[in-house]
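Number of protein chains: 2
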Amino acid sequence: MNAEIIAIGSELLTPDRVDTNSLWLTERLNAIGIDVRLKTIVGDDDLRLEEAVRDAIRRTDLLIATGGLGPTEDDITRKIFARVLGRPLVLDDTVLEGIRDRFRQFGLTMTSNNERQALVPRDAEVLPNARGSAPGLLIQHERTLIVLFPGPPREMMPMFSEQIEARLEKLSHGERIRKRVMRSTGIGESALDQRIAPIYGQYSNPATTILSKPGEVEIHLTATSETAEMAEKLLDELAGRIEDELFPAIFSHRGESLEEIVGLGLTVKGYTLATAESCTGGLVAKRITDVPGSSAFFLEGHVTYSNASKTRMLGVPDSLIAEHGAVSAEVAEAMALGVKEVSGATIGVATTGIAGPGGGSEEKPVGLVYIAIADDVQAEAKPYTLFGSRSEIRERASQIALDLIRRRFLL
Amino acid sequence: MNAEIIAIGSELLTPDRVDTNSLWLTERLNAIGIDVRLKTIVGDDDLRLEEAVRDAIRRTDLLIATGGLGPTEDDITRKIFARVLGRPLVLDDTVLEGIRDRFRQFGLTMTSNNERQALVPRDAEVLPNARGSAPGLLIQHERTLIVLFPGPPREMMPMFSEQIEARLEKLSHGERIRKRVMRSTGIGESALDQRIAPIYGQYSNPATTILSKPGEVEIHLTATSETAEMAEKLLDELAGRIEDELFPAIFSHRGESLEEIVGLGLTVKGYTLATAESCTGGLVAKRITDVPGSSAFFLEGHVTYSNASKTRMLGVPDSLIAEHGAVSAEVAEAMALGVKEVSGATIGVATTGIAGPGGGSEEKPVGLVYIAIADDVQAEAKPYTLFGSRSEIRERASQIALDLIRRRFLL
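Protein sequences, first through last, are from chains X and P. Okay, so the first sequence: first residue is 1 according to this note's numbering, each after it adds one. Okay, so the second sequence: first residue is 1001 according to this note's numbering, each after it adds one.
Quick caveat, the hints were computed from the structure, so don't treat them as lab data. This structure is a prediction, so every number in the text was calculated from the model and none was measured. Be aware that a few hints might be false.
[Claimed, not checked] Part of the chain P face toward chain X, derived, beta carbon under 8 Å:
hint, residue
1, Thr1014
2, Arg1037
3, Pro1292
4, Leu1299
5, Gly1301
6, Met1313
7, Ser1343
8, Thr1346
Where a beta carbon is used, it is the ideal one built from N, C-alpha and C, also for glycine.
Next up, chain X with everything else stripped away, as it sits in the complex (with noise of 0.2 Å):
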């Protein structure tokens, strides 16, 4: 079974909205085995759009169209399917009923134009829409099945999974897709992938894909099989030897974060967590303290971005700014060992370092970031050469200083 996807409307066609229904209508569509080989975006325009459905059913088993089905001159959907399918629009009066209902629910009364969405090509399929008043419509045509679906993605998505994913799931005779997504940090793409590529290489299914952003390469794998229990058990085994040779850079394996992670540890350690930040000026705590519940682990953070703020929160001593500069591992290490010791906390983590544009010198040059930690065991600080934007490295020096923290769980 093949499919295609016309979104409709002209602000889709502008960089203010990206079409993200015609995205995850893909992937839906992917996992239960329907290839989609073609999406067209038009503009509320007649004539396009006759043309692009037009197009659409001539080749393909499913189309699925999204918008363009409100209660203005604009909403050209159900008047162009109508026109095209060669069916005339009937008034549903279970439809309109529905609608005036939602009106008064908010003690309004429905305008007359509310009336257009009550509007039915002849013998399709009305599909309830629980969160607006637009329903959408499902008509089979000759060979094609046509599903149109109201634009607001919190309107579409919940109908397209309650009302026709698995009416779908059970026409479908293609293979099914699962998809699994690795996460790793402190390890270059290349340099991974040069690790890697030896294991999937060795197979074609699962596919392997390979992303990468600012401190964190992703490994997405793609298993397709009859049944989705075998396409798992594809992904558990080539997951399995990726990870054993990527040991201990692979920190999540269904897509959760690394601060999600690092607080999970900490909770399960029972250890405490205080951080001191210099050059990425708080997103080391901000990251932290977007877990839910992080107040359990989280004591404070200390955001010590002059050298006085140092000495003062921290007792990082005057004469060791003044010997080795604000920027030096012997500085990183003090306010590590520092917040330790002024928290209480089990753990205590520190980043001082210049994360540009400015403020760079040949000797100590824009993207050069200490990171240190301390525990009671030991305290430790490194260099790090970060690359990239002010942003990016900010992002790279608090996914350091995060690992970092992962990194004592697996001692």
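Based on these hints, arrange chain P on the given structure of chain X.
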């Protein structure tokens, strides 16, 4: 002049990769008076691409296609366009030499599959690509101008700007479009719309769009005129009237972020800032230090997540926390005064609240946040009832804290 865009590549049909090229191209084409009517995204599928190209050429003045120009078998763009246009592919020696040079530069020998990138449909104009090996192509076919670009945005975008945009602008007889983005905070979307609808309702040009995200409402104005200068004049008039009506809610006129505006204000006034955060967990400090050069005005941040840290780091009396609770106007004010005092900054801001999802009570529900600001003249703390997810509540609270600073500059 009207246009269509075809984006080529199976990966663009999936949620892993958004087709940013066509969104960017649409905006640039609109700006020079060219109307994008339809966009097709097609996988690496010969038949469907051939049909999409054939249909587009029949309809449009300008056809821009991106992607599928690389050296592998999957890269079918050249072959399909040659077939549809009925023009044989000819090996272009200059292009071939260029690709060879590129490989030599990197100390590599060109593999034979790269020769494919030197195949050019007869009478096509080659568009050099300074950032990659695949050149672009420009072909006038009957009434349609066809431009083929490589897929990577960092190659495509400069090729369009440097080699194509000015040529299209000469051909276009359409009206020029200019946009302006005004950003506001401290007023909700519907309240804002009620106040400015009577103003922008008087103008069909510029057109006004209102977009809302947590803690911020954007007003997008789009003006169309014969010249860019006249379009800018139209924008100036409407933007001025909207700003007067909404004063002081509009914080930026050219899309600048709130933290940039706050940083600019602190710099101009010669003020310094320190932050004391509980529920925002470092987000306010992180946003302020996102601004390059922020070490000139940002002294330090305190993330006092535990009660003990509020007392020790900021001098908030135990008894005050015991009497009013950590989430209270009294504690927020004491935090702002405390951080101003310990840091010696001109301005101290503080947040304390319940970001959720847990931790709420009937008396102090999730979303209740107290935000305080203190300077030499006065200190004040106010309650805010914020809605949304944990991250939305934190985002909104940080927005209010930053905006309180900005509003001080207006006094």
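Structure-based check of all given hints:
no., hint, verdict
1, Thr1014, "holds, 6 Å"
2, Arg1037, "holds, 6 Å"
3, Pro1292, "holds, 6 Å"
4, Leu1299, "holds, 5 Å"
5, Gly1301, "holds, 3 Å"
6, Met1313, "holds, 7 Å"
7, Ser1343, "holds, 7 Å"
8, Thr1346, "violated, 14 Å"
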